[in-house]
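Participant: So the chains spell out like this:
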Amino acid sequence: MHVPRRSRGGYSSPGRSGSRRRVVGSFAALATAAGLLSACGGGGGTPTLIWYINPDTGGQAAIASRCTAASNGAYKIETQVLPQDAGQQRVQLARRLAAGDSSIDLMSIDPAFTAEFAAAKYVVPVPDDVKSKLPQAFKGAITASTWDGKEVVAPFWSNVQTLWYRKSFAQKAGLDMSQPVTWDQIIKAASDNGGTVGVQANKYEGYVVWINALVMGAGGNLVTDPGAGVDAKIDVNSQAGKDAASVIDALAHSKAAEPDLSVSNEGTVLAPFATPQGAFQVNWTFIYQNYASDKATLNDLGWAMYPETVQGTPSRPPYGGIGIGVSSTSKHTDLDWKAVECITSPDNQGQYAVDTGNMPSSAAGYSYGKLTSAYPASLLQLFQKSVEAAGPRPLSPYWSDISGAIQSTWHPAGSVSSSTPASSQTFIQQVLEGKKLL
Amino acid sequence: MSTTVATPAQSAKTPPGKVVASDRAVAENRLGQKLVAPAVVIMVLVTAYPMLQALYLSLFRYRLTTPEDKGFVGLSNYGVILGDSLFWKDTLNTVIIMVVTVAIELVIGFAFAMVMHRIMIARGLMRTAILIPYGIVTVVSAFAWQFAFSINNGFVNSWFHWLPWISPQQNWFGDHWHAMFAIMASEIWKTTPFMSLLLLAGLSQVSEDMLEAAQVDGATWTQRLYKVILPNMKAAIMVAVLFRALDAFRIFDNIVIMTAGAQNTESSSFLTYRQVIQQMQLGMGSALSVLLFLAVLVIAFLIVKLFRVDLASARGEG
Chain C
-15 MHVPRRSRGG YSSPGRSGSR RRVVGSFAAL ATAAGLLSAC GGGGGTPTLI WYINPDTGGQ
45 AAIASRCTAA SNGAYKIETQ VLPQDAGQQR VQLARRLAAG DSSIDLMSID PAFTAEFAAA
105 KYVVPVPDDV KSKLPQAFKG AITASTWDGK EVVAPFWSNV QTLWYRKSFA QKAGLDMSQP
165 VTWDQIIKAA SDNGGTVGVQ ANKYEGYVVW INALVMGAGG NLVTDPGAGV DAKIDVNSQA
225 GKDAASVIDA LAHSKAAEPD LSVSNEGTVL APFATPQGAF QVNWTFIYQN YASDKATLND
285 LGWAMYPETV QGTPSRPPYG GIGIGVSSTS KHTDLDWKAV ECITSPDNQG QYAVDTGNMP
345 SSAAGYSYGK LTSAYPASLL QLFQKSVEAA GPRPLSPYWS DISGAIQSTW HPAGSVSSST
405 PASSQTFIQQ VLEGKKLL
Chain A
45 MSTTVATPAQ SAKTPPGKVV ASDRAVAENR LGQKLVAPAV VIMVLVTAYP MLQALYLSLF
105 RYRLTTPEDK GFVGLSNYGV ILGDSLFWKD TLNTVIIMVV TVAIELVIGF AFAMVMHRIM
165 IARGLMRTAI LIPYGIVTVV SAFAWQFAFS INNGFVNSWF HWLPWISPQQ NWFGDHWHAM
225 FAIMASEIWK TTPFMSLLLL AGLSQVSEDM LEAAQVDGAT WTQRLYKVIL PNMKAAIMVA
285 VLFRALDAFR IFDNIVIMTA GAQNTESSSF LTYRQVIQQM QLGMGSALSV LLFLAVLVIA
345 FLIVKLFRVD LASARGEG
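If you read the protein sequences in the order shown, they are chains C and A.
The first sequence: position 41 = 25 (the numbering used here), numbered continuously.
The second sequence: position 172 = 216 (the numbering used here), numbered continuously.
Check the hints yourself; a few may be wrong.
Unchecked claim - Restricting the straight-line Cα-Cα distance to at most 30 Å, the calculated cross-link-like pairs of lysine-lysine (DSS-like) are:
| no. | chain 1 | residue 1 | chain 2 | residue 2 |
| --- | --- | --- | --- | --- |
| 1 | C | Lys420 | A | Lys133 |
| 2 | A | Lys114 | C | Lys105 |
| 3 | C | Lys156 | C | Lys172 |
| 4 | A | Lys133 | C | Lys419 |
| 5 | C | Lys105 | C | Lys115 |
| 6 | C | Lys134 | A | Lys133 |
| 7 | A | Lys133 | C | Lys217 |
| 8 | C | Lys217 | A | Lys114 |
| 9 | A | Lys114 | C | Lys420 |
| 10 | C | Lys134 | C | Lys279 |
| 11 | C | Lys369 | C | Lys226 |
| 12 | C | Lys279 | C | Lys151 |
| 13 | C | Lys419 | C | Lys172 |
| 14 | C | Lys322 | C | Lys105 |
| 15 | C | Lys115 | C | Lys134 |
| 16 | C | Lys105 | C | Lys60 |
| 17 | A | Lys349 | C | Lys419 |
| 18 | A | Lys133 | A | Lys349 |
| 19 | A | Lys133 | C | Lys226 |
| 20 | C | Lys419 | C | Lys105 |
| 21 | A | Lys133 | C | Lys315 |
| 22 | C | Lys226 | C | Lys419 |
| 23 | C | Lys315 | C | Lys105 |
| 24 | C | Lys117 | C | Lys134 |
| 25 | C | Lys322 | C | Lys123 |
What the hints assert, rightly or not - Now the in silico label distances, taken between C-beta atoms and shown as ranges:
| no. | chain 1 | residue 1 | chain 2 | residue 2 | range |
| --- | --- | --- | --- | --- | --- |
| 26 | C | Gly29 | A | Ile86 | 37 to 43 Å |
| 27 | C | Ala358 | A | Gly123 | 57 to 63 Å |
| 28 | C | Ser49 | A | Gly179 | 52 to 58 Å |
For the record, the hints were derived by calculation from the structure and aren't laboratory data.
All of these numbers come straight from a predicted model, not from anything done at the bench.
All C-beta atoms, glycine included, are put in the ideal place defined by N, C-alpha and C.
Working from the sequences, and respecting the hints, build out all of it.
Facilitator: Next comes the structure, spelled out in structure tokens:
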């Protein structure tokens, strides 16, 4: 029979004795686990670089695997997927970085918030010795990656918009697509022949991308001196702004507008384009792959330079894509840059384009064998020409405010008139000065 | 055994109208305070601290990505907000959504409560069927209704285009009132079961004896409804209205998913979210959240005081 041991101050039950042993055991287990974890984290094992990526069809994860293998044990890249929406990607990364999250090493950064992250010193500028090892990027890609005279992200892939059209429809409408066309021409051609023009006009960043392209295509800028932050000069209320408003007004009030114009985005314009009413759409490079399985549409698919806002003034196609940034809170900066060199290598840029339809940021990437055989040569040439001519959005750390203010004053497209640029300019300035809610 | 009756001596010293607690009541009160103290401390930590922090931040110009520009601005943020038409537009939207949805939910919810209360056949199945929407995550429900109203692949246009005001090409998210209609429809569908549950609790408190007595006296069904049922479940109705009104005033998920605030469909909560989370304006956003909190307090006060809601009687303690 078990007899409880009497100790000083009362009984010490077997349960209490057992619990003490369990506590001691737990501490021992914790200490062992902590030791193991520290060994994995950087003590003796292969350092793990965490790469926050935008969602794709697996292209970046594949690159992470290839670069891990190519490093010969120097590092291991793990990917963490960010939300689909670029705005949500910005919010998630910024909140983590503002809190000093050291688990972030590499980031796939959208041009829309590159300047904001650079101004907040969330990213480390690309060192000169690393820059010399990266493939020579297109001018548009370098512009979109530069803040305060320094390249702050390494251009990875460059998205650009072109004009996609149905060859049969253009022929029926009598449009010569071998020459630059204007927005007015395609709107009239579509309207007169029962067709539609697909654009991105939902209340989101994509709509501002369109407005920016229209304004730059008319020789203007939304913002002059965006580096001045809140003191930047807003130039929406200009002749270029009025020309842009005129195009939007014309499309919104023509028969060429799709019924869901006010909620349209890159995805919603795809299906109408494949119907008999489909005539034109402006969209990103991935479109070609999207129609690859629809042979009827693919055979009738034509491509041309982004439409001109003003006849005779070369268009400035919208620029998108991703740059790879190194977090200022990372503990493996040297390894991060080695990983960046691998990720942005011409072969990886080319393979990524084959895998996802998102095109390289360098001419070297376009030379990748599998890419040249997967796409028509004229299309690849058009993409490169378009990136060179692209008009990136203003590189302002307050771009999210400016973009939001433009969305508020230019949406829906049906409400845009010749007075919109003036009211928009006033509103943007008041928002930047903190006098108006956005 | 201690007594709960006040002694004559105590009564003599007591001013008229003041109830004197017995020793036992005082002891029980103290015990109750000790028992509830840990919960109060935790509540203070998890609710009062963030609220005070928001109040503090609301006095600053503070953007998360430019912390070096942080500066004390006093009540300036409140001035900007209260003088801004966007704030009042969003408040009006929120009030419209609250009033319309709660009114419709009250009527439909009452009908559902009557069905759940009176039905004799397949009662469990019927109650489950009525309550299913409330069990669905709001974001999922909002997506479902967004697809339903979609101009491209929604069923609303194709099923109801025979109605004179619905065309096959109706873009429900293309203008303010159609978008508001879609948002309110999804909100009503999702939360009417909650209203009916609260009303069912009230219905079950109505004495069958009273109803039988009224019937014997010759009261019609309508008279029994207005003279017996509704007056006897007034407290439950008011609690249901209070809960749903406060809930509806904080509407967020449906709007984010269905319109993202486009077509002037933004609510007060969504405006606050955009300032704090999307624009990272911690100062301005905190000021908005303080105002939102005050608005909720005012609504609760108005409903409780104007309609004289007795929460205790609604729980059957009265």
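Participant: If a hint holds in the structure, say so; if it doesn't, say that too.
Facilitator: Cross-check of the supplied hints:
no.	hint	result
1	C/Lys420 / A/Lys133	holds (14 Å)
2	A/Lys114 / C/Lys105	holds (16 Å)
3	C/Lys156 / C/Lys172	holds (13 Å)
4	A/Lys133 / C/Lys419	holds (17 Å)
5	C/Lys105 / C/Lys115	holds (19 Å)
6	C/Lys134 / A/Lys133	violated (43 Å)
7	A/Lys133 / C/Lys217	holds (29 Å)
8	C/Lys217 / A/Lys114	holds (23 Å)
9	A/Lys114 / C/Lys420	holds (18 Å)
10	C/Lys134 / C/Lys279	violated (45 Å)
11	C/Lys369 / C/Lys226	holds (27 Å)
12	C/Lys279 / C/Lys151	holds (14 Å)
13	C/Lys419 / C/Lys172	violated (41 Å)
14	C/Lys322 / C/Lys105	holds (21 Å)
15	C/Lys115 / C/Lys134	holds (11 Å)
16	C/Lys105 / C/Lys60	holds (25 Å)
17	A/Lys349 / C/Lys419	violated (37 Å)
18	A/Lys133 / A/Lys349	holds (27 Å)
19	A/Lys133 / C/Lys226	holds (28 Å)
20	C/Lys419 / C/Lys105	holds (27 Å)
21	A/Lys133 / C/Lys315	violated (47 Å)
22	C/Lys226 / C/Lys419	holds (25 Å)
23	C/Lys315 / C/Lys105	holds (15 Å)
24	C/Lys117 / C/Lys134	holds (16 Å)
25	C/Lys322 / C/Lys123	holds (23 Å)
26	C/Gly29 / A/Ile86: 37 to 43 Å	holds (40 Å)
27	C/Ala358 / A/Gly123: 57 to 63 Å	holds (59 Å)
28	C/Ser49 / A/Gly179: 52 to 58 Å	violated (41 Å)
Checked against the numbered hints given earlier, this structure breaks hints 6, 10, 13, 17, 21 and 28; the rest are met.
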